[in-house]
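For the sequence shown, the positions run 103 to 745 when our numbering is used.
No lab work stands behind these hints: they were computed from the structure. Virtual Cβ for every residue (Gly too), placed ideally from N, Cα, C.
Taking lysine-lysine and the BS3-like style, the derived pairs with C-alpha atoms no more than 30 Å apart in a straight line are:
#1 Lys-141 - Lys-117
#2 Lys-275 - Lys-261
#3 Lys-117 - Lys-729
#4 Lys-275 - Lys-141
#5 Lys-141 - Lys-729
#6 Lys-663 - Lys-476
Cβ pair distances, simulated, as ranges:
#7 Asp-490 - Arg-315: 32 to 40 Å
#8 Gly-374 - Ser-264: 22 to 30 Å
#9 Asp-554 - Asp-612: 33 to 41 Å
#10 Ala-133 - Asn-272: 21 to 29 Å
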Amino acid sequence: MSLFSALNNAVTGLKANQIGLDVVSRNVANANTAGYTKKVAPRENAILDGDGAGVRILPTQRQVDQRLLESLRAEISRSERLDTVTDYLTRVDELFGRPDQETSIAYAVNTLSIRMGELVDNPENAGVRKAVIAQADAVARELNQLSGAVQDMRSETEKSLSLAVDEVNNALKGIEQLNREIANREAANLTIADLEDRRDIHLQTLARNMDIRTVERGDGAMTVFTNSGHVLVNERAAQLSFDGRQVLTANDAYSTDDVERGVGSLTLVSPGGTRVDLLQDGPPRQGKIAGLLELRDERLPEAQAQLDEIAHNLALGMADRETTIPLTGTNTRSMDFTDAAEAPITRASGSDQVLRVQDGDRMAISYTQGGMEKSMTVYFVDDASNTDLLNRVPDPDNAVFVDITGVGAQNQGLANRIATAMSSAMPIGGLFSATGERLNISTTTATVSIDDVALHQASTTPVDGPMLNLFANGNSPRIEQEAYTGNLSSTVWEKVGFAGRIGVNTEIADDDTLLVRYTAEHGEVAVGDNARPRFLMDQLTETRFTYSPNTGLGDAAHPYKGTILDLGRAVVSYQGMEATTQQSLSEDQATRTTLLEQRHSSMTGVNVDDELAELILLQSAYSASAKVVQTVDRLFDDLMSLR
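Could you put together the complete structure from these sequences and hints?
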């Protein structure tokens, strides 16, 4: 080995140790910098013409397990979705309160039943009547306030979605730019480690907002996909677009029809301008955006549906006029439809009772088949072609819809329509038939016996029987109140958002004697007795109703049934359970995410003690290389002195 070779080896050693010192110093300086990973300066033996020629330093690299990093991003996405949902559901739970809290809707409804019970005992006491009106107003206002709060939270999700989309777009642009720089430096055999760190920060921002997949290309650039396969970044970055609304109401929902859509839609716009509605084709399943969409389109509308269900049944339950047909023996009972707005039921005694059939009225039929008790409900609607009808009734598996429009001045054909619909729903001969405008119901066949038939209608006047339309549609002095009838087939469903509009009937609020004054069945005017308050209290505390599956309290096959008091308690308990369950899921997920973060940090993070130990080694190696240079220099001096 010549002195020149020795000098070259020592000089390359000095350079290598200088680079090593630079890397160690940067590691120590960035030990607490978010997103920074430990860097190393790999070395290899330099070979020239088959002989060693010192040491060669390779481009600085970072110590990262890509599979672990992918798993960590996936867990971060799950954590963000769960945390987002948990935050909002906790707020909903706080709004709804506990059944025994004075601020809860369950407590308010229970207090109304107590006030009604006091009115049963003191029907002529004006102070008690005023207390009933005041508590009814308190219930309505509580529903109004809760409904408004739920819709405010939905509006918040729109704003948060817009901010999240901005974050995603900034990250996508950042990744596009870094991909370009990384590819250029990789081609020039320069280090890309620090650029990869910065790119990972953008990828983590993406993961917080939506679930993603990544593929690293040969040039070091990275292609990013949504989990459903849409390209977010390739050579160029796509962009997300969100056309959010400032204020949402209960009727605002997502639709594939832009004309009907009342909320913002998430659109992916490719670099070439192609637009894809992600809510139709591959919506995010994890991340903050997924959580916000779940809240806006599912969780919060469900809370609104629960409030609407309470308001709906308060209004219709107290105003429910039930007319039953006595079914005894094996005789056929009939219902005559002889007037466009009236449907007299022919009772066993031969007397008729005038009834008005309108959209939302229903005929409940109970029957026994094969020893099993079953039920069927006929709903009268103005438009049976409405494709959303099954979603608007509490018993979609046992519902029949009869269109009551276009039957003529004398209801021509209405009885036949009912018979046809029922025969189709219960294909057993002889049960339902029509003779002219008379609907015939056979109480017994060989396999089926009809146990009960009752027509339920919403009373729209405060003097018609013991039922009372205590609540109405409208709570603003600037807008005239309307009777609430539970209309089913209108394009905008009357029930949706009713909790935000329910108010005490102003006619009754202005004249509280109507709480104890009405026209009895035989035309007698009952004044000051307790029959009406007793009926109203029973409707709150004794009568069991079937509630809509969209409340989350049951499903189409097994809908929730109970009193209105039961419903109030069930709704409050449901939200409490949802918040508790979601909190538990969020905490479990946080534990998994933290464990992965710790593993990732232990592998990629900077350990200052290790770096100081490496510094000592580099210092020794540098001193040794310098000593070699110094020695070679003296040897050259010795050679030069030989003249």
